[in-house]
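Q: Note that the protein sequences, when read in sequence, are chains F and H. Quick note: the first sequence uses my numbering, first residue 1, plus one each step. Quick note: the second sequence uses my numbering, first residue 1, plus one each step.
Treat the hints as calculated values from the structure; they're not laboratory data. The model shown is predicted, which means the values in this text are computed figures rather than measured ones. Hints may contain errors.
Claimed, not checked - Residues of chain F clear of chain H, computed beta-carbon distances all greater than 12 Å: (1) S56; (2) T78; (3) I79; (4) H199; (5) D290; (6) I329.
Stated by the list, open to error - Here are some, though not all, of the chain H residues that point toward chain F, as calculated from beta-carbon distances under 7 Å: (7) A118; (8) A185; (9) G190.
The C-beta atom is built at its ideal place from N, Cα and C for all residues, glycine as well.
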Amino acid sequence: MARIELKNIRHSYPAAKGEDQVWALEEVNQVWEDGGAYALLGPSGCGKTTLLNIISGLLTPTEGSVLFDDKNMTQVATIDRHIAQVFQFPVVYDTMTVYQNLAFPLRNRGMNHSDIEPRVKEIAEMLDLTESLYNRAAGLTADGKQKISLGRGLVRPDVNVIMFDEPLTVIDPHLKWQLRSKLKQLHQQVGTTMIYVTHDQTEALTFAETVVVMYEGRVVQVGTPVELFEEPKHTFVGHFIGSPGMNLLPCENVDRKAHCLGSALGIAEKNETQSEQFQVGVRPEFVYFDEVGIPVNLNKVDDLGRYKVAEVETHGHVIKMIVDEGEDIPGENPRICFDLDHTRLYRDGWMVETEEVMP
Amino acid sequence: MNKISNQRAWWLVVPVVVLVAFNALIPLMTVVNYSVQETFGNNLFFWHGVGWFEQVLTSERFHASLFRQLAFTGMILIIEVPLGIAVALCMPRKGPWVSVCLVLMALPLLIPWNVVGAMWNIFALPDIGLLGRMINGLGIDYNFTQQPVAAWSTTVLMDVWHWTSLVVLLTYAGLCSIPDAYYQAARIDGASSWSVFRFIQLPKLKRVLTIAVLLRFMDSFMIYTEPFVLTGGGPGNTTTFLSIDLVKIALGQFDLGPAAAMSLIYFLVVLLVCWVFYTAMMRNEEQ
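Produce the complete structure using the sequences and hints provided.
A: Right, dumping it as structure tokens:
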């Protein structure tokens, strides 16, 4: 058990001849508190797996240091870091039984047979593997194998953190739900820090207490699911999280007021700067039809059952909005308004603080 | 609805039937034909039943060459498979040296059998060959044309030189297909390099190794050209393997009947061993 800190981590893979060095991780500072359930969310290629491998010691970062409880572990070998990792594709030792698989990490660490057995049985019980304990691991289904992968981490009593690298990729959809809730339950049971890497926002938001969003080698926001939804710190978080994602519209700064789609919005940047170009971001949930709003053309309406997604257009920009079931969509001359409490301003992709002003 | 009987579609199969007939069935059946008949020339044949089979199966000459063949094949399998695995494990997985190693490994496979035989013959000659001179220079009396042990070790060495590459290349391909995650998981589980080999690499290599062993078994069990050029089956009969013996009977003595019977027995032995080995490996897999 340890608090893990990443300090000024940068990493680049060896570049091919004649190519510029590309930073897979631009600069990451991140603290993983002991016992937390974290999700590391981001699109493919954003550096999530690189970050995991740096924590586990499978990779040594180009720059920066990894601290476990303030102890520098950057150069320490994987085995001495006491971490466990579950990979995208289930890794089991084919020729061994489930029991032998689970006992393998303990045997490698020189534990006595008499100590191994109760431990393995306890973990097998937790993972519902007791019935197949003496079967060949190769014969199990994908979710069973993934449980074994996890189990090999859980059996070790000294594990600092368990990391999951998109562990549900090869699992059948109906089992994904089961396994995900099993993970959450296990986290509560054992209290080990868990870091769950995924590009699926549903998985991230349901599993984690804290979600770390990565984009192009950087951590763009760390927060609870609610924070990510209500106050995306970066336009990427805005459109990556949420379905549909945040509407982003160009916006100008005229007389300290944000002008968007030809109208003045009632908000402005708090700390005035010289910058004139902004983006306005507002989630589809916070756009509504109003008689005094901006005139728009209604393109189409998708009925998704519990709500409808309306797509409207004005000044050449498409805006999506969520309309609750039963709420009317005006047939003629629709006009829309933004909920100013949930409307954000972005400069160069990053959120700026706003205040309400008289339009 | 009445079915219209129309069998003309069978004509479409004729080309295949002709092809198979000419490249497999007819030659094989000729051999079967010879194996049950006796001839005294003039193209006159007499029915001989299973006489030739009985003769071959009870002949000491056949037993001796079968035993030599089994010993040779067993020896080269015991040497080439572990050696091939060891070499493949040592080869780099990435970088500029990969292609260098692969080309070096593939080189012996590209040399024709009789050239390999001739090469080793000259290479190992005790008076003028580099290898022969060197061994004698070390104070070891070595002459593969006269000493059975020297003849055997030269033949085995030649085959190892020629064919270990095949095992290496197959194993290397198998090793390259193991996902990195297995090695990473092993590091996290604290596995030693022996454990990685025993529990990850070897099980994952099982299929390619099965193929490698089968190929090496079949090839070495039917080996002819290389030992024929190297030793000609001698000294005496000490390196007369099955196919060399077969050619002696069929073309040297022109005993068509016994040679045909021996061919069929030979063929059945190869088939049987391959089948047993493959079935055993695959049954293991299912469990």
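Q: Okay, which hints does this one fail, numbers in order?
A: 1, 2, 3 and 7
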